Structures are given as structure tokens and as C-alpha cells.
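Please model the complete structure; the sequences and the hints are all you need to start from.
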Amino acid sequence: MFQYTIGVEGMACGMCEAHINQAVRNAFQVKKVTSSHTRRQTVILTEQEIPEQDLKSVVAGAGYEAVSISREPYGKKRLFSAFRR
Numbered sequence: 439m440f441q442y443t444i445g446v447e448g449m450a451c452g453m454c455e456a457h458i459n460q461a462v463r464n465a466f467q468v469k470k471v472t473s474s475h476t477r478r479q480t481v482i483l484t485e486q487e488i489p490e491q492d493l494k495s496v497v498a499g500a501g502y503e504a505v506s507i508s509r510e511p512y513g514k515k516r517l518f519s520a521f522r523r
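When we follow my numbering, the leftmost residue of the sequence shown carries the number 439, and every step to the right adds one.
Simulated from the structure, these hints should not be mistaken for lab results.
If you're wondering where the values come from, they're calculated on a predicted model, not measured in any experiment.
Any given hint might turn out to be false.
In silico BS3-like cross-links for lysine-lysine, where the CA-CA straight-line distance does not exceed 25 angstroms [as the list claims (entries may be wrong)]:
| id | residue 1 | residue 2 |
| --- | --- | --- |
| 1 | LYS469 | LYS514 |
| 2 | LYS514 | LYS470 |
| 3 | LYS470 | LYS494 |
| 4 | LYS494 | LYS469 |
Next up, the structure:
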């Protein structure tokens with residue numbers, strides 16, 4: 439599973455967040471997508487790799503600007519994983 443973090447410029451409210459989330463869900467098969475206008479970012483969890491240019495196009499199509507994109511492997515954090523050795 440992969441986690442994509444997209445820096446997004448132009449979000450101003452909760453409706454902007456919902457607009458980007460819906461655009462991402464319509465364009466890609468994702469497990470979860472969340473956006474924050476205060477952090478100016480969108481986080482996507484997916485099992486498939488998504489080309490950066492496709493992500494930028496979807497964000498631009500929703501009326502916003504993707505200024506940065508990072509991808510990293512995603513693993514669930516477990517409750518007591520910090521205590522394991």
C-alpha cells in the first residue's frame with residue numbers, strides 16, 4: 439500500500455477539501471483520501487501506484503494547484519508497536 443501526500447494551494451474551506459476528495463475518488467481507486475485546507479495538503483492511501491502527472495491533472499481539474507507530491511510505503515501503525523523490541 440502507498441501513501442501519497444500532495445501539497446495543494448487554493449483550498450480555503452471544508453467544501454474545498456470535499457471537492458478535492460471527490461475528484462480523487464472519481465479518478466482513482468483509493469482506500470482513503472483526506473484533505474486539510476489548514477495544512478494545505480491531501481493524503482491518499484491506495485494499493486496501486488498513481489503517476490504524479492495524473493495526480494496533478496486531477497487536482498488542477500478540480501481548480502487547485504498541486505505544488506508537491508511525495509510517495510512512501512504505508513503500513514498500519516499498531517497500538518503497542520512502540521513497546522516491541
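Hint by hint, here is what the structure shows:
Our distance criterion of 25 angstroms between C-alpha atoms is met by LYS469 and LYS514, whose separation comes to about 13 angstroms. Distance restraint check for LYS514 and LYS470: the Cα-Cα separation of roughly 13 angstroms lies within the 25 angstroms cut-off, and the hinted pair is therefore satisfied. Restraint check for LYS470 and LYS494: the C-alpha separation of about 18 angstroms stays at or below 25 angstroms, so the hint holds. Under the criterion of a C-alpha separation no larger than 25 angstroms, the hint pairing LYS494 with LYS469 is consistent with the structure, at around 19 angstroms.
Against the hints set out earlier in the document, no violation occurs for any number.
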